[in-house]
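In order, the protein sequences belong to chains A and B.
The first sequence stops at residue 515 when you use my numbering, and every number in between is there.
The second sequence stops at residue 515 when you use my numbering, and every number in between is there.
Hints are computed from structural coordinates only; laboratory data are not their basis.
Any given hint could be a false lead.
Claimed, not checked - Okay, derived cross-link-like pairs now, DSSO-like style, lysine-lysine, Cα gap no bigger than 30 Å in a straight line:
1. B:Lys469 x A:Lys473
2. B:Lys441 x A:Lys339
3. A:Lys339 x B:Lys339
4. B:Lys497 x A:Lys400
5. A:Lys414 x A:Lys482
6. A:Lys445 x B:Lys450
7. B:Lys441 x A:Lys445
8. A:Lys514 x A:Lys446
9. B:Lys400 x A:Lys446
10. B:Lys482 x A:Lys482
11. B:Lys469 x A:Lys441
12. A:Lys443 x B:Lys445
13. A:Lys441 x B:Lys443
14. A:Lys497 x B:Lys450
15. A:Lys414 x A:Lys400
16. B:Lys430 x B:Lys446
17. B:Lys473 x B:Lys339
18. B:Lys479 x B:Lys414
19. A:Lys445 x B:Lys445
20. A:Lys479 x B:Lys497
21. A:Lys450 x A:Lys473
22. A:Lys514 x B:Lys450
23. A:Lys400 x B:Lys430
24. A:Lys339 x A:Lys497
25. B:Lys497 x A:Lys514
26. B:Lys479 x B:Lys428
27. A:Lys443 x A:Lys414
28. A:Lys414 x B:Lys428
29. B:Lys445 x A:Lys482
30. A:Lys430 x A:Lys414
31. A:Lys428 x A:Lys400
32. B:Lys450 x A:Lys473
33. A:Lys400 x B:Lys473
34. A:Lys414 x B:Lys400
35. B:Lys443 x A:Lys469
36. B:Lys414 x A:Lys414
37. A:Lys400 x A:Lys469
38. A:Lys414 x A:Lys514
39. A:Lys450 x A:Lys414
2 protein chains.
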Amino acid sequence: METIGRYSYEQYLKMVEDFHGSQAPGLILGGVMVDYAISRMPPGVLFDALCETAACLPDAIQLLTPCTTGNGWLKVVDLGLFALSLYDKYTGQGVRIFVDPEKLKGWTEIFNWLYKLKPKKEQDKALLLAQMEQAGRAILSERKVMIKDQYLGKTSKGAIANCPQCGEPYPKRDGALCLSCQGGSPYGKE
Amino acid sequence: METIGRYSYEQYLKMVEDFHGSQAPGLILGGVMVDYAISRMPPGVLFDALCETAACLPDAIQLLTPCTTGNGWLKVVDLGLFALSLYDKYTGQGVRIFVDPEKLKGWTEIFNWLYKLKPKKEQDKALLLAQMEQAGRAILSERKVMIKDQYLGKTSKGAIANCPQCGEPYPKRDGALCLSCQGGSPYGKE
């Protein structure tokens with residue numbers, strides 16, 4: 326494995342460390358997965374991304390594709406599965422890349438990591454990353470997918486008004502009060 | 326406004342374009358907000374971030390703080406409010422920065438943008454960005470917050486097993502099948 330996306334492996338490691346804060350194994354394997362997925366998209370197709378776990382993998386997508394949390398092209402549906410898909414943002418046709426359990430034989434440290442068989446401090450991280458680099462796409466599989474309609478397109482927030490309780494601008498479609506004042510506030514008493 | 330975080334304003338604009346795909350107004354204002362929030366955190370405090378909208382603002386947080394979607398230090402609670410908080414990841418004490426409607430008088434293009442009073446193509450983007458740069462923190466307010474316990478810390482996924490239906494590794498705590506096979510799959514028929 327010499328490149329990940331349009332970067333050298335070393336460049337990618339540096340980007341991971343800068344953005345994510347550490348060379349997390351999930352971003353190394355994730356990088357290989359995203360690179361694989363991109364290679365399966367027909368040239369010129371504008372694609373969105375769907376990530377099936379909230380852990381690590383979203384950052385590999387954000388680093389290697391135009392899709393980010395804030396621009397709405399990356400959606401995280403946290404199913405706890407280490408898998409992602411890229412799909413045509415208009416038709417929903419795409420490809421899903423996942424770690425294939427049947428292909429993990431012999432890749433002991435990757436297996437131990439994925440199935441959480443060793444506490445983090447007992448993991449041999451150097452061996453784990455080396456196995457990931459060596460394995461590349463050999464432990465992955467792909468399948469075609471069609472994304473459900475509900476994930477396609479962006480929904481407009483519609484008209485904005487000041488919430489009569491907190492006074493801040495909120496989407497009127499949410500009701501008479503903003504969602505925070507309706508009980509959704511993440512803040513408690515100080 | 327000469328700097329945003331540890332970057333010059335021009336450097337930040339370039340980062341926004343590279344990461345987010347365009348110089349979206351929400352990331353310009355968002356950059357000012359994140360910079361403001363960081364300035365209120367005591368030195369040395371390890372902080373997490375909570376973003377109250379899914380649109381734009383999460384990317385300003387990801388660019389300017391160590392908090393990302395994939396490392397779990399950024400949480401998006403989509404209340405449709407253009408506000409964010411940074412908080413001590415152990416105690417939950419923090420600061421919330423929000424656009425203050427009472428301070429918007431005179432900032433006509435920012436007002437029009439925030440309340441969506443003009444279709445995007447009728448916005449004067451140059452004026453909007455100029456007003457945001459000129460206004461800086463003058464249109465923002467802050468308040469102390471205490472984050473609810475449920476947002477503190479990371480929850481472990483616990484033991485991993487292969488889903489008896491799809492065969493992929495999933496967190497056993499989710500039940501007899503993985504969440505995707507339980508009906509949560511984002512994919513439909515091809």
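Here's how the hints hold up against the structure:
1. B:Lys469 x A:Lys473: violated (41 Å)
2. B:Lys441 x A:Lys339: violated (40 Å)
3. A:Lys339 x B:Lys339: This hinted pair holds, its Cα atoms lying about 19 Å apart.
4. B:Lys497 x A:Lys400: Distance of about 23 Å is within 30 Å: holds.
5. A:Lys414 x A:Lys482: holds (19 Å)
6. A:Lys445 x B:Lys450: violated (49 Å)
7. B:Lys441 x A:Lys445: violated (48 Å)
8. A:Lys514 x A:Lys446: Violated, at roughly 37 Å.
9. B:Lys400 x A:Lys446: holds (26 Å)
10. B:Lys482 x A:Lys482: Violated. Lys482 (chain B) to Lys482 (chain A) sits at ~33 Å, over the 30 Å cutoff.
11. B:Lys469 x A:Lys441: Violated, because 38 Å separates the two Cα atoms, which is more than 30 Å.
12. A:Lys443 x B:Lys445: With Cα atoms ~52 Å apart, Lys443 (chain A) and Lys445 (chain B) exceed 30 Å; violated.
13. A:Lys441 x B:Lys443: Violated, because 52 Å separates the two Cα atoms, which is more than 30 Å.
14. A:Lys497 x B:Lys450: Holds. Lys497 (chain A) to Lys450 (chain B) sits at ~25 Å (cutoff 30 Å).
15. A:Lys414 x A:Lys400: With a Cα-Cα distance of about 12 Å, the restraint between Lys414 (chain A) and Lys400 (chain A) holds, given a limit of 30 Å.
16. B:Lys430 x B:Lys446: holds (23 Å)
17. B:Lys473 x B:Lys339: Roughly 35 Å between the alpha carbons, so the hint for Lys473 (chain B) and Lys339 (chain B) is violated.
18. B:Lys479 x B:Lys414: Distance ~10 Å between Lys479 (chain B) and Lys414 (chain B) Cα, so the pair holds.
19. A:Lys445 x B:Lys445: violated (48 Å)
20. A:Lys479 x B:Lys497: The given pair, whose Cα atoms are some 33 Å apart, is violated under the 30 Å limit.
21. A:Lys450 x A:Lys473: violated (38 Å)
22. A:Lys514 x B:Lys450: violated (40 Å)
23. A:Lys400 x B:Lys430: Violated - the C-alpha atoms of Lys430 (chain B) and Lys400 (chain A) are around 36 Å apart, more than 30 Å.
24. A:Lys339 x A:Lys497: At roughly 44 Å apart (the allowed maximum being 30 Å), Lys497 (chain A) and Lys339 (chain A) break the hint.
25. B:Lys497 x A:Lys514: Not satisfied, since the Cα-Cα distance of roughly 35 Å exceeds 30 Å.
26. B:Lys479 x B:Lys428: Roughly 37 Å between the alpha carbons, so the hint for Lys479 (chain B) and Lys428 (chain B) is violated.
27. A:Lys443 x A:Lys414: Judged against 30 Å, a Cα distance of about 39 Å means the pair is violated.
28. A:Lys414 x B:Lys428: violated (39 Å)
29. B:Lys445 x A:Lys482: This hinted pair holds, its Cα atoms lying about 13 Å apart.
30. A:Lys430 x A:Lys414: violated (36 Å)
31. A:Lys428 x A:Lys400: holds (27 Å)
32. B:Lys450 x A:Lys473: Violated, at roughly 34 Å.
33. A:Lys400 x B:Lys473: At roughly 25 Å apart (the allowed maximum being 30 Å), Lys473 (chain B) and Lys400 (chain A) satisfy the hint.
34. A:Lys414 x B:Lys400: holds (25 Å)
35. B:Lys443 x A:Lys469: Not OK: Lys443 (chain B) and Lys469 (chain A) at ~40 Å, beyond 30 Å, violated.
36. B:Lys414 x A:Lys414: Roughly 36 Å between the alpha carbons, so the hint for Lys414 (chain B) and Lys414 (chain A) is violated.
37. A:Lys400 x A:Lys469: holds (18 Å)
38. A:Lys414 x A:Lys514: violated (42 Å)
39. A:Lys450 x A:Lys414: Judged against 30 Å, a Cα distance of about 37 Å means the pair is violated.
Hint violations for this structure: numbers 1, 2, 6, 7, 8, 10, 11, 12, 13, 17, 19, 20, 21, 22, 23, 24, 25, 26, 27, 28, 30, 32, 35, 36, 38, 39, all remaining hints satisfied.
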